[in-house]
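Asks: All chains should be built: construct the whole structure from the sequences, respecting the hints.
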Amino acid sequence: MIRSLYVRVVIIFIAVTIISLMISSLFAFRWFEKDVNRGMSSDLMVDGKKIQQLYESWQPEDLSEFLAQSSSMMRSLHITLMDADGHSMDSGNNERTPPVKKESYAEQVDTILSGSDVVIEESGPNGSPARPIAIGMPLRTADGVYAMFLQPNLKPQREDFRRNNGIFNMTSLLVGSFLILMASRFVVSPLKKMTSATRQIARGDFKVNLHTKRRDEIGELAESIQHMAGELGQLEQMRKDFVSNVSHEMQTPLTSIHGFSQALTISELSDEERIRYASIIETESERLSRLIRNLLKLSSLDSDKHPFQPETYRLDRQLKDVILSLEPIWTGKSITFHLHLQEQVIYADRDQLSQVWTNLIHNALKFSPDGGSIEITMNRERGYTVVAIQDQGEGMAKEDLQRIFERFYKADASRNRYEGSGLGLSIAKKIMDIHEGRIQVESELGEGTIFRVYLKL
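The sequence shown maps to residues -3 to 453 in our numbering.
What you were told as hints is all true, and nothing was included just to trick you.
No more than 30 Å apart at the CA atoms, straight line, and that leaves these computed lysine-lysine pairs for BS3-like:
id, residue 1, residue 2
1, 236, 394
2, 293, 394
3, 452, 316
4, 362, 452
5, 329, 293
6, 329, 425
7, 425, 316
8, 362, 316
9, 394, 362
10, 30, 151
11, 425, 362
12, 30, 45
13, 293, 316
Label pairs and their computed distance ranges (CB to CB):
id, residue 1, residue 2, range
14, 10, 224, 29 to 37 Å
15, 189, 16, 30 to 38 Å
16, 85, 163, 37 to 45 Å
17, 10, 196, 28 to 36 Å
18, 65, 107, 24 to 32 Å
19, 110, 85, 18 to 26 Å
20, 52, 15, 54 to 62 Å
The set of hints was computed from the structure by calculation and includes no laboratory data.
Note that beta-carbon positions come from the ideal geometry of N, C-alpha and C, so glycine has one too.
Replies: Structure below.
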């Protein structure tokens, strides 16, 4: 079994070339025969006239010698003379190609002796049109009038054509095979580089260099592999960052739980201190539990098996219900809501979208100052229902806006100023991707933040 692409390309080229040359030779030979037959009658007539003129000017005594000399001057002709009694005389210049049988001439003799020229034809192969094989014309001699038949000898021409055609075909095959051997290296060489690159990627090394100036399919494949390597490298870095972030987020509450658990074993603690330590352990446990729930939520959303159960319901009512569920937070910070909601029915997964509104409104509450306000508006725009949530918080820098949907990313550099794992916006964006919607964010430092959620109508 031939496994090398290089060998396959060469073999296929040679096979295709041989078949093409065979077919072209067949058509070329047929064209040659057709071209020769097309002008044969007129050429034979011209040769016959020359022989007639030559005899009239020469008046030879030996007719057979005259035929031999005439035939030697016109090597492609076989000359036959026949009289009214059926006697014949041949030039005999070509022993390899016998002339047409004299019986074929007999019925034409009388016509020719009366002074007419005759073209003798035979049917072509496979029902093709008839082709001329000889002509007959009168030759007046001292001994009387003869019917002179001229038959062309095409065998030398055919042999020359076949020989030249064979030399041409063999030269074409050899030169073409040599060139394809060279050209195949040009085709196969980048494929070998791509194979090496994919093995390098399989080993976990994504720093491959396949940039090429080619703009054909191989160039596109090389660029695709290069792009894939870059994407895989980013995914690998994200995986490492994810593991690092998860470890960091889980280590902090675990350290607190471990430390305060040990502190509870000290017998000298007062009841007030024990209650405070137990409260801290409970808070950190809830934080750790919430982190694990969010991780499981993201993992479920990433999988194809996450349940998606859309239904028809009122979006404006859902937003109000979410706001009411967060009442302890906004009443504790004396935050006021300004709602501009219209009655809107949508078809979506109620539980998933509830998670989106909870995460976004909770973020707005968390970053809003005490006594501030949050504005929520809803309208329609180009086939979408658009929900905008605007707060009066600190806002974000431009470099943070590009990364806020990354998992575990926190715009606040301290990571501890606000409670949270940095997964809420990632979950919200993933849910919107499932719903074929999108989230946009606008923010400036000191001027608050606006999240716009686009849901298909």
